[in-house]
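Asker: Generate coordinates for the entire structure from the input sequences, incorporating the hints supplied.
Protein chains in written order, with this note's numbering: chain A, 8 to 345; chain B, 8 to 345.
Hints may be right or wrong, so weigh each one.
If several chains are the same, the list does not tell them apart, and a pair holds so long as it fits within one copy or across any two.
Straight line, CA to CA, 30 Å or less: simulated BS3-like cross-link-like pairs of lysine-lysine [as the list claims (entries may be wrong)]:
hint: 1; residue 1: LYS170; residue 2: LYS342
hint: 2; residue 1: LYS276; residue 2: LYS342
hint: 3; residue 1: LYS276; residue 2: LYS70
hint: 4; residue 1: LYS98; residue 2: LYS122
hint: 5; residue 1: LYS46; residue 2: LYS98
hint: 6; residue 1: LYS276; residue 2: LYS123
hint: 7; residue 1: LYS46; residue 2: LYS342
hint: 8; residue 1: LYS122; residue 2: LYS93
hint: 9; residue 1: LYS93; residue 2: LYS342
hint: 10; residue 1: LYS123; residue 2: LYS46
hint: 11; residue 1: LYS123; residue 2: LYS170
hint: 12; residue 1: LYS98; residue 2: LYS70
hint: 13; residue 1: LYS46; residue 2: LYS122
hint: 14; residue 1: LYS93; residue 2: LYS46
hint: 15; residue 1: LYS276; residue 2: LYS98
Everything labelled a hint here was simulated from the structure, so no lab data went into it.
There are 2 protein chains.
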Amino acid sequence: MQMIKTLLACAALIAHPPLSADVAAPQYLSPGEIVSVAKTEEWVPIAPSDLMVMDLAPDPNGKVRRVVIQLMPAPFSQGWVGNIRKLAAAKFWDGTSVNRVQDNYVVQWGDATEKKALPDGLAVVPESGYITAQECGDVVLSYNACLVQPAFRHMAQSADAYKADTGFAQGWPVSRSGKRRELSPAERKSRWWRQGDLRMLWPTHCYGMVGVGRNLAPDTGTGAELYTVIGHAPRHLDRNIALVGRVIEGIEHLSSLPRGTGALGFYEKEEERVPILSVRMGDAATDVPAFEYLSTDSASFAAYADARANRRDPFFNVPAGGADICNIPVPVRRKAVK
Amino acid sequence: MQMIKTLLACAALIAHPPLSADVAAPQYLSPGEIVSVAKTEEWVPIAPSDLMVMDLAPDPNGKVRRVVIQLMPAPFSQGWVGNIRKLAAAKFWDGTSVNRVQDNYVVQWGDATEKKALPDGLAVVPESGYITAQECGDVVLSYNACLVQPAFRHMAQSADAYKADTGFAQGWPVSRSGKRRELSPAERKSRWWRQGDLRMLWPTHCYGMVGVGRNLAPDTGTGAELYTVIGHAPRHLDRNIALVGRVIEGIEHLSSLPRGTGALGFYEKEEERVPILSVRMGDAATDVPAFEYLSTDSASFAAYADARANRRDPFFNVPAGGADICNIPVPVRRKAVK
Chain A
8 MQMIKTLLAC
18 AALIAHPPLS
28 ADVAAPQYLS
38 PGEIVSVAKT
48 EEWVPIAPSD
58 LMVMDLAPDP
68 NGKVRRVVIQ
78 LMPAPFSQGW
88 VGNIRKLAAA
98 KFWDGTSVNR
108 VQDNYVVQWG
118 DATEKKALPD
128 GLAVVPESGY
138 ITAQECGDVV
148 LSYNACLVQP
158 AFRHMAQSAD
168 AYKADTGFAQ
178 GWPVSRSGKR
188 RELSPAERKS
198 RWWRQGDLRM
208 LWPTHCYGMV
218 GVGRNLAPDT
228 GTGAELYTVI
238 GHAPRHLDRN
248 IALVGRVIEG
258 IEHLSSLPRG
268 TGALGFYEKE
278 EERVPILSVR
288 MGDAATDVPA
298 FEYLSTDSAS
308 FAAYADARAN
318 RRDPFFNVPA
328 GGADICNIPV
338 PVRRKAVK
Chain B
8 MQMIKTLLAC
18 AALIAHPPLS
28 ADVAAPQYLS
38 PGEIVSVAKT
48 EEWVPIAPSD
58 LMVMDLAPDP
68 NGKVRRVVIQ
78 LMPAPFSQGW
88 VGNIRKLAAA
98 KFWDGTSVNR
108 VQDNYVVQWG
118 DATEKKALPD
128 GLAVVPESGY
138 ITAQECGDVV
148 LSYNACLVQP
158 AFRHMAQSAD
168 AYKADTGFAQ
178 GWPVSRSGKR
188 RELSPAERKS
198 RWWRQGDLRM
208 LWPTHCYGMV
218 GVGRNLAPDT
228 GTGAELYTVI
238 GHAPRHLDRN
248 IALVGRVIEG
258 IEHLSSLPRG
268 TGALGFYEKE
278 EERVPILSVR
288 MGDAATDVPA
298 FEYLSTDSAS
308 FAAYADARAN
318 RRDPFFNVPA
328 GGADICNIPV
338 PVRRKAVK
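Answerer: Shown next, in the form of C-alpha cells:
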C-alpha cells in the first residue's frame, strides 16, 4: 500500500535558534534560511531516470536554454508518465517547438503541426487516472490515524479554497478529498473494529507543474503535448487534466518568453515558435547535474512550511497565519558536490 | 461612511441560457463568455486621472512597450497613492529603470542609484495605512447585515488559506478580518440594540497588483520604488507592504523580461536594466484609451465568479467547487468605441 508521505508540523519541532541572554527578541529564520541549514540526510536524491531534459534553441544572444523537469512518481499519473518516457526515448520532441505562451497561465510545447507520427505503444489513459485512490490504513482507529497524518494536520491550519485537504506526498503538492469508502456488509461484520477510508488524491496545479494538453473529454491526451504553469495556480484544472511533473531548473527560459498574441496565447507566426532541439531522459542526456529535494517528511520542511505561512523574519510585521499549498513550493536544488 | 461594494452571488442570479427542447445537456458559458455578454451598464469607467502610464524603452525589435496601471481608490492606501501622484507629476521616474525581475514573484522599478532627489511634500505614511478600518453599520442587526453582504457570502463558499474573508470592494480584491470592535460601556448602555462591527480590510496581493517597495519596518516606503506581482499570489505580503494599484494593460512587457541573476532577482549589470522613458498620470499622457472594469456588484460578475469557481463549460469534467480570490481576476478592458 502506498502511504502518503507527510510532513511533521508539530510546533515543537520547529527549529528556532535559542535565545541568547543578551538578545531581547527571538531571531527567526526566513524560509530560505531554514532550508539552507537543513541536514544533509533530509534531502532526497532525484533519480536521473526521473528527469526529463529539454534543450531549446539558444536565445537571441546565443545563450543556452535548458529546462529540467522532474516526473511524478507512482502512484500519480503513471499512464501518462509511461507515455512520456516512450516519447522521449523515440526523440519525438526533437524538432518540435514551444507554441503557446499565455500570460499568467501556461507555456505549452509539442508538435505544432499535429501531424508528426507518435511512437507505437502509447497507452490510452482513462479519465480515472486523474485521481488516485488511496487506502489509508484499515486497522483500529485507522480513520483517525489517517486524519492526524502530520502533513494534513499541518495544512488543515490553512483552509483550502478548492474544497480539498492539501498537503505533500513524496515531495509533491497534493490535494485530498475527505471521502471515505463505504464498507461492504461482509467487511462490516468480519472487521467491526476496522474502518475503510478510501480517499482520493490528486496532484495540484501549482507554479511550474507540468501537465498534459488534451482535447475535449473523454480524451485525456497522450503526453505528446505538454504545458507548464507560469502564473497564479490554475487549480480549476485539477482533476481535469493530468499533471506529470514539475520544472525544477530553467523555468525562466519558458516563463520569460514573449507572450503569444493569438487566442489562448498561441504564437500566430511560425517564426515566433521556439525550437526544441532535443528532449531526453536525465540518464540519456549529457551534463545533467544531480538534483535533490527537501523531504516533505522532514522536520526542516515542517519548519519551512510553517515559516512560509507565518513569516517572522525581520522584514515582516504581520504573519498571515496560513498559506495556500502553492505558496509553499517544495525546495529542490542541485546536489552539493562533495 | 465608505461601505464595501460587494457582489451578488445568489445562485438564482447566475445567468445560464435556457435549455432548448432538443438539447439534452445544459450549455454553460465559460467565464470569458459571461463577461463578453455582460450588459453595458455593468461596466464602470476608470477615470483617466486614476491611471498611470509607464512607457519603457522599446524592446530589442523596436516595439513600443507601454504599461497601464490603475491606482486604488479611497479608502485604500491613499497616503502612498497621493505620493505616487506627486512623483508622476514631478516626472520622478523619467530616466529610471526596471531593476529587478524575480521569477514567480515580482518585477520592481524605480531609481536604481537611490540617489535621485524626491519631490517635496511626500507623506510619511504610517504602518496603520496597510489596513483600513471599516465600520460596517451600527443599526439593529448590523453585524448580521454585514455578514450577509453578498460579496463575502459568496466568497465564504471558498475558505481562504490566509485566515481572512475575501471578496471584492469597488472592483478590487480585498481581504477582511472577522474582528469586531468592542463597544464602550457608554455605547453599550445608550445603544443596547446596536452592535459595533469594526472590521479591518486590506488589499490582496494577486497577480498584477502593484505595491510599494520599502526597507525594514517602521519604514513603509514613499511610493518611489514600485513592484508588480508576476507569479503565484504572494499573500504573505498582505498587510506588510502597501498595495496601490494593478497593471491593467501591458503586464507582458514586465512579466516576460529576462530574470535577474542577482540576489532577489536584481539585475547585476547596469545594461540589463530596462529604461523607463516616462511615467505620467492618464490625464497627462497622450493616446491613452478609455478603460472600464466589470462592476464587482453586478450580476454578471457574480456569474463570472461562480463560473471561475465551478467550471461547467465543455472542457471541464469536475468543477472545483471554489476558487481563491486571486483566481477570480476582475475583468478590465478598453472601453468599446461606439
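Asker: Could you work out which of the previously given hints the structure breaks and list their numbers from low to high?
Answerer: Hints 1, 5, 10, 11, 13 and 14 contradicted; others consistent.
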